[in-house]
Amino acid sequence: MESLKINSNINLYYIPMTKLKTTTIGVYIHRNLCKEEVSKNALLPYVLKRGCKLCPDSEAVAKYLENLYGASFGASVIKMGDDQIIYLGFESISDKYAPEGEKLSEDITKLMMSVTFEPVSFTDEVVGQEKKNAVDRIMAEINDKRQYAMLRCGQEMCKGESFALSVLGTKEGVEDITVQSLKAHYENIITSSAIDIYVCGDADINALADEIKQYTDKIAFKEAKIPQSEIFAGKGEVKRVTDHMDVVQGKLSMGFRTGIKADSADFVPLMVMNSVYGGGAHSKLFNNVREKLSLCYYASSNIVKNKGIMFVNAGIEFENFQKAYDEILVQLDAVKNGEISELEFTSSIRALENDLESYKDNQRMMQIYCLGQKITGTNYSIDELKEKISRVTIDDVKRVAKNVELDTVYFLAGKEEA
Amino acid sequence: MELDFIKSSITGEEMYYGKHSSGLGVYIIPKKDYSKTYAIFGTRYGSVDSKFVVPGEKELTEVPDGIAHYLEHKMFDQPDGSNVFDKFSKYGGNANAFTSFNMTAYLFAATANIEENLETLMDYVQSPYFTEESVQKEQGIIGQEIRMYDDNGGWKLFFNFLNCLYQNHPVKKEIAGTVESISHITADYLYKCYNTFYNLSNMSIVVVGNVDAAKIAQVIEKGVKKNEPFGEEIKKVYPEEPKEIEKNYTEQKLSVAMPLFMLGFKDTDTGYGGEKLLKKSIEINILLKMLFGKSSKLYKDLYEKGLINNSFSLEYTMQPDYGYSSIDGESSDPKAVYDAVINEVERVRKEGLSKEDFERIKKVMWGQYIRSQNDVEDYAVTFMQHLFMDIDYFNYYDVYKTVTFDDVKNRFDEHFVKERSALSVVNPV
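Listed in order, the protein sequences are those of chains A and B.
Quick note: the first sequence uses our numbering, first residue 1, plus one each step.
Quick note: the second sequence uses our numbering, first residue 1, plus one each step.
Hints in this document: simulated from the structure, not taken from any laboratory.
Heads up, a few of these hints could be off.
These stretches of chain B come out as covered by chain A in the derived footprint (C-beta under 8 angstroms, 3 or more residues) [what the hints assert, rightly or not]: (1) 44-55; (2) 171-180; (3) 213-226; (4) 354-367.
Within a straight-line C-alpha distance of at most 30 angstroms, the following computed BS3-like cross-link-like pairs (lysine-lysine) qualify [claimed, not checked]: (5) Lys355(B) / Lys63(A); (6) Lys415(A) / Lys355(B); (7) Lys110(A) / Lys355(B); (8) Lys323(A) / Lys292(A).
Label pairs and their in silico Cβ distance ranges [claimed, not checked]: (9) Asp33(B) / Arg391(A): 55 to 61 angstroms; (10) Ser183(B) / Met139(A): 50 to 56 angstroms; (11) Glu102(A) / Asp269(B): 33 to 39 angstroms; (12) Asp378(B) / Asn7(A): 50 to 56 angstroms; (13) Ser183(B) / Gln228(A): 35 to 41 angstroms; (14) Lys96(A) / Lys235(B): 53 to 59 angstroms; (15) Asp33(B) / Gly377(A): 37 to 43 angstroms; (16) Glu132(B) / Lys96(A): 54 to 60 angstroms; (17) Lys243(B) / Glu141(A): 37 to 43 angstroms; (18) Ser72(A) / Glu414(B): 47 to 53 angstroms; (19) Glu102(A) / Met1(B): 55 to 61 angstroms; (20) Asp243(A) / Asp398(B): 54 to 60 angstroms; (21) Ala60(A) / Val429(B): 36 to 42 angstroms; (22) Gly101(A) / Asp398(B): 20 to 26 angstroms.
Don't be surprised by glycine CBs; every beta carbon is placed ideally from N, CA and C.
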């Protein structure tokens, strides 16, 4: 990876990955996740998408992309711990696959710059439409029950803290936004946020850096840093919450505190611990809750890297709540006691290595990986991290597992359930 | 096993391919410098194939719905009591399987020990072992899988849509069957289906990744177990499907935030695979984007009126036996979206299609094809899906370049017919 500092706030990174047939550009604008601006940050990328100096409206954007052999342009918000990231992503096939020798990567870069620095979409019409869509997206969080149960578990767990906020903001927050307030917010954040631009594929990185400098030369930037996340502390008691909805399958989500920071020496063993416990078809949760007891179709665990949180999720019959709950904790105890077979352990290590190695074939995953490393300040390359994983022992896993404590039990039950 | 070699001057892709004496089709696509290799071992057998005549038999065999998917789950049990996932895990392979309407496939992705993982894949898919007890045990897991889909608005929307379009074709039935239908599945039924559809002459293997083709071919050759290829085709029996749709509207209530809709047109120009089918799919995909895509007048109107949002998507699904185009998304007023689509079709029928739009959208199809070769997994799956429709995906360009504006105009008249359109809605409770 090559990195070029454009100014105090903007960093440009280039990861060649030319074996792939596309060129992918990601713009990541970092903001501190907080009640005051979460909704504005959530709305902004969708408004930016609606028009810029180069392509003044949606139709012009769409035609521009179609002419680049169906290049893609996506906008969204990402939550990494307490960092709320405004994301603008672009992808086009690489120049050598353009049948007429078109310079596609140049053209997609032009769009990226214009969208980021020259928006023209702060109008009553556009902002009004996108506010409605933003509210719809928030309401639609209930549609995917599996995700929703985990989201609700996290909200209950971190109630009162910024991490409890949905990355999409709140209905009230979105409704309060005006064209003026959003425009002012854009002007403020574009000059006062850390901005990372990742480019993968076929690109002339020095030329791109010069171009970004030209665009940003006249802007006065206020030096900004990437938001830092706080490790979730919890209150010690186990919190239990049940919601009722018109569903036929119950969704159990259990939130645990790990207390382990992403830049601590224990974090890599924690990754292995999660893999052993619930990180795939080789894991204890899969083999016991699903295969042995036939209680569910899915049962898995995952860690929230920057928050010291681990979730376990399973979809079960309502009446099997207690059985599944008990077995999930029995398996955690087994990990804590070091009851881990050689096969479980090596399978877990291999699965992690395999996932990491796969990122090398995916431009978008590679960007997210590098961004994640930058946010935690670890900056491990994939090979470095793989090497660290290979040195983890069963004793390390046992040791870090002892930190894992149940915090919140969330159950999405049916309407009729008591 | 002799393999042929082909290289595309346009995409730079290379492929080794051939047929093993057992009847197994072999396709190896080397991807230089890639970390990941993906192998998929699949059979032309899916959820729609519940009635068939076994080669050499005269009588029709009829099995419970959901059996192809059930069989897929049970393939992971091994005669020696071992677990297939354990074997893959040992070699760092990420194994999985899926069943669709028309195929069942077993696969792994790995970044190391490719040959060992491939041996494991070859071995377990050729080692069926079913007992009444193990078949019984799976009812709980698959039962939960079915229940999970019962709460999934998008899934229900899709099947309700198919139930509008089709009167008899089994594509209208859920892939996993029902809790009731799977209760009739026995070990005998599983063996019967296995011995029919998992004959290697009905199967293919596709490997995409950073591999040495000769070594991979050797592993495959060694991995083939005793197999007598069928001398004749397996006769799959489907009920006759009229051109007319079953009904043009359906709705269901589920706990979703906003109404979900799926609307579309039943394709009645069916009954063929190969290049002709590929060409039709390119034509319909171009038309969908020209008429309803992000640069279209209709999209702009609906979006600005707040009738659709970013979740709007378009698709054409092709199979030799059936096909349909579909438009889905979220809307506060699905009927207004449906009416707007039908009106737009009528307007275009009067005013004609734009050649400029055609030229621009045709380029999008090329970009999609190039992009489909990026990810080893998507590439291998897409390749196999096409293979099972007798389409040579490697030489996509040969068909793509023949698609003209006139073809698309004719296809418009043929496909976008109001009487064969339907709307499925999932409303909030």
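Tell me the numbers of any earlier hints that the structure contravenes, in ascending order. Those not satisfied are hints 1, 2, 3, 6, 9, 10, 12, 13, 14, 15, 18, 19.
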